[in-house]
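J.: Chain by chain, the residues run as shown.
There are 2 protein chains.
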Amino acid sequence: MKLLIFAAITFAAAAQRTPAPAFYEDTNNIPVSPEVHADRRVTFRLFAPEASEVLLMGSPGILEFTKKPLPLTKGEKGIWSLTIGPLPSGFYTYGYAIDKGLRMPDPSNPNLELRRWGATSSFIVPGAEKAVMEARPVPHGTVHVNFYDSANLNTQRMVYVYTPPGYETGRQKYPVLYLLHGNGQIEASWTWTGRANVILDNLLADGKIKPMVVVMPFGHVQREIKTAANAPAPAIGADMAAIEKELMTAVKPMVEAKYRVLTDRNHRAIGGLSMGAAQSLTIGLHNIDHFAYIAAFSGAANRAEWEKADPEMLNRKLKVLWLGCGTEDFAYPGVKGMAELFSKRNVKHVWNESGAGHSWPNWQVYLSKYAQLLFRD
Amino acid sequence: MKLLIFAAITFAAAAQRTPAPAFYEDTNNIPVSPEVHADRRVTFRLFAPEASEVLLMGSPGILEFTKKPLPLTKGEKGIWSLTIGPLPSGFYTYGYAIDKGLRMPDPSNPNLELRRWGATSSFIVPGAEKAVMEARPVPHGTVHVNFYDSANLNTQRMVYVYTPPGYETGRQKYPVLYLLHGNGQIEASWTWTGRANVILDNLLADGKIKPMVVVMPFGHVQREIKTAANAPAPAIGADMAAIEKELMTAVKPMVEAKYRVLTDRNHRAIGGLSMGAAQSLTIGLHNIDHFAYIAAFSGAANRAEWEKADPEMLNRKLKVLWLGCGTEDFAYPGVKGMAELFSKRNVKHVWNESGAGHSWPNWQVYLSKYAQLLFRD
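From first to last, the protein sequence lines are chains D and G.
Counting from 1, position 102 in the first sequence corresponds to residue 102 in our numbering; the numbering is continuous, with no gaps.
Counting from 1, position 320 in the second sequence corresponds to residue 320 in our numbering; the numbering is continuous, with no gaps.
Bound conformation, chain D alone (with noise of 0.2 Å):
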C-alpha cells in the first residue's frame, strides 16, 4: 500500500516539476513490441505521433530478414504498426528508421543489440524445438566483465569473458577461444547480442563440445565511431595492426594470469565474425605459433600473406581452419575467394557456405559448428 502511495506521489510530483511530453511521464503510452504471435507472425509498434514515416529496418545497415524497409502504419493514439510473417523461427535483430534519416531502437524493447554507435533491437522467434542459442534450464556459465588499463592505447579497455558451469568451484584448467566481434560492435556483442554464452551452455549439456574459457575483447581502438566534430568515420580494419598487439600483450596475458586456462597452442583458438573475421585470420597467421584453430565468419581479409604461407606448415600447424559464409553476404565473394585459394593450394581447411547474410543467425551456428570442432585432441 505505501508502495503504491510512494508510486502516486512519484508520478504526481514528476509531472507537476516537469512540462515534459506526456509519454514519458505514463508508460501506459508505451505500447507492446515486438509482439510475437504463436503463429510466429510479428507485430513491431511505436508510438511517434508526429512522425511522418515510419520504416521497420532488419539489422539496419544490412537489412537481414526485411530485405528492404518495410513501412509502419499510423493508427490510434499515435501508435504506428506494422505486422509481418509468419517469419522462420530464430533470432532477429531491427531498428526504426524515421522521417528519412532518424534511426533508433525500439523504445518499448528491452532486448538491445549494443553497438558502438546506434543501438538497435532484437528478438526471437521460438520454433518447435530450441534452437542452438534459444536459453534452456541447463547448468550455465558466467560471462565475466574484466577491465583493464592498457599500455599500449593508453585508455581502460573492457574484455568479456565466458567461463564454463561449474569453473567458479572447480580447479580444472580449459582451453582457450579468442571471439572477435565485428565492426560497429563492442565486446559486449557476442554475449549481450550473439547470445554465445547460450550457445555454449547448450552444446556443453548436450555433450557437443569440450568446456572452454571464450576471451572476448573489444576490437577497435576507440569506443566512439568519431570524437571530433566533422571528421570523418576512420575506414573498417585501420585498427588491425594496434589490436594484434592488444590482443597478444595485454588481453592474453591478462586472461592467462587471472583465469585457470592452458597455455599451449593446442589448447589456444581464434575466431570473429566479419571485421573480427579478417582479424581473425590476420593475427592468426602471424601468430600462428599460438593457435592451432583460426575461424573467419563472413569476413576475410589477409590474402597476400595467406598466399605466400607455406602450405605443408599451415596443415601441420593448423587443427582446424574455418571459413563460413552466407550466400546472400556481401562478404560472400572475398570469404568464398580464401576457400578457393586454401582448396588450389591444398591446405585443409572447412568451407561452411549457408544461406541468408550478414547476420546474427549466421554467425550463432558458425560459433556452434566451430566450438564442436575445438579442443577434440
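Hints in this document: simulated from the structure, not taken from any laboratory.
Check the hints yourself; a few may be wrong.
One copy or two, it doesn't matter: identical chains are merged, so the pair holds either way.
Stated by the list, open to error - Distance condition first, Cα-Cα at most 25 Å in a straight line; then the derived DSS-like pairs of lysine-lysine: (1) K210 <-> K258; (2) K226 <-> K74; (3) K173 <-> K258; (4) K100 <-> K74; (5) K226 <-> K77; (6) K77 <-> K100; (7) K369 <-> K336; (8) K210 <-> K100; (9) K348 <-> K319.
With the hints as your guide, set chain G onto chain D.
T.: Then chain G, alone, in the frame of chain D:
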C-alpha cells in the same frame, strides 16, 4: 590494403542491395555527440533532417540537470544541435524527445543507460580532480553476469556480481552487499550505468572501504514492462513479495554456493535506490537476522512495519541504517519522513541529505558513503 578494399566492397554492395535511408550507409553522417568541451560546455547533436522538434531531456521522466526539455536547433545537413553549460563536473544521463512523443537515446553515443524500456544515454564532465565514479588506473574488480533458472518465477534470470581486485587468484572470503536497482532499471544498471564497480575500485585503492562482493539481482518479475497489447503497466512495487522470495531463496543461496563469501549476518548488507530502497527497507526488516546493514537511497516504504519494530532490537541488530535523499527529489518527503520516524523512536540511523534529485549522481555518492561504513567490525 585488403581490408580497405573489403570495406569498400562492403558498403558498395550494401548500398546496391538496400534502398535504405542514406544515414544507415554512411557513418560520416553521424555527428559527434555529446561533445564535452574543455570549458565544461557540452554540445549535443542529432541527425534528424525531417523532424520538426528535437528536445534534450536530462534523465527522461525525471529531467535531472536540464530541469525542463531544452530545444535543439536545426542546422546544416539535417543536424540539430544545442550547446549547454558550463555544467558542473559529474555524471549525466539524457535522451531526446522528438516531435512530441518519440523518445530515443543519442545514436552517436555508445554509452547507454540500459533500462527495461527506453534506453537513454550518459556522459561524464570531468572535473579538476577525478570524481569517485571516474575510472582511474587502479586495480580493477570484475563484474560477473550470472545466469540462473528461477524455480520461483519459472524463467531464466541474471544476477550481476562484483568481485574485488584479486578475487580470481586469491582464497579470501568476502563480506557481501546486496545492491538493488530502481524501477525501470535492470540488473546491469548499477554497474553499466551507475559505475558501482568503478566507485568500489576507487574507494578500495584509496583504503576507504573493506573489500567486498556486491550482488546486483534483477528487481522486477518480468523483463518487459508490458507483454500484452493494451495491458496497463503494473504499479511500481507490485513485484515486492515475489522479489523478496527470489532474493532470499534463490539469489542468496546461489551466491553463497558459487562465490567465496562470508555467510554470517554481520558480513551481509542490503541497500538500493528508489524502488530498490523500498525493497531494501522491506526485505531488510523482514530478514533482519540475515542483514546487519540496511540502506535506502532516494526511496522509502514499509513504514508501518518499521513503526512496529522494537527500537532496542533494531539498535542491537543493525550496525548501520542509512537513509539518503536529495532535497529536489520527489521522494524527499517520504525518505525524510522515515528518518524523522527513526529519530522520534531513537532508532540509530544515518540521515544523508544532499542537493539535487532522483538521479545517478546522488546514488553514486550515496553508495560511496554507505560502502565506507560497511563491515568495519
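J.: Using 25 Å as the alpha-carbon threshold, which applies to K77 and K100: within, between, both, or neither?
T.: both (22 Å within a copy, 12 Å between copies)
J.: Have a look at K210 and K258 and pick one of within, between, both or neither, based on CA distance no larger than 25 Å.
T.: So K210 and K258 pass the 25 Å test inside a copy (21 Å) and across (22 Å) alike.
J.: Can you give me the call for K226 and K74, within, between, both or neither, at a CA distance of at most 25 Å?
T.: between (35 Å within a copy, 21 Å between copies)
J.: With 25 Å as the alpha-carbon cut-off, assign the pair K173 and K258 to within, between, both or neither.
T.: Answer is both; intra-copy 12 Å and inter-copy 18 Å each pass.
J.: Have a look at K348 and K319 and pick one of within, between, both or neither, based on CA distance no larger than 25 Å.
T.: Answer is within: at 9 Å inside a copy they meet the 25 Å cutoff, but 66 Å across does not.
J.: Between the shortest in-copy and the shortest cross-copy C-alpha distance, which are at most 25 Å for K226 and K77: within, between, both, or neither?
T.: between (38 Å within a copy, 17 Å between copies)
J.: Since the copies are identical, ignore which copy is meant and state whether K369 and K336 lie within 25 Å (CA to CA) inside a copy, between copies, both or neither.
T.: within (18 Å within a copy, 58 Å between copies)
J.: 25 Å Cα cut-off: does K210 pair with K100 within a copy, between copies, both or neither?
T.: neither (48 Å within a copy, 53 Å between copies)
J.: Between the shortest in-copy and the shortest cross-copy C-alpha distance, which are at most 25 Å for K100 and K74: within, between, both, or neither?
T.: The answer is both: 16 Å in one copy and 15 Å across copies each meet 25 Å.
Checked against the numbered hints given earlier, the structure breaks only hint 8 and satisfies all the rest.
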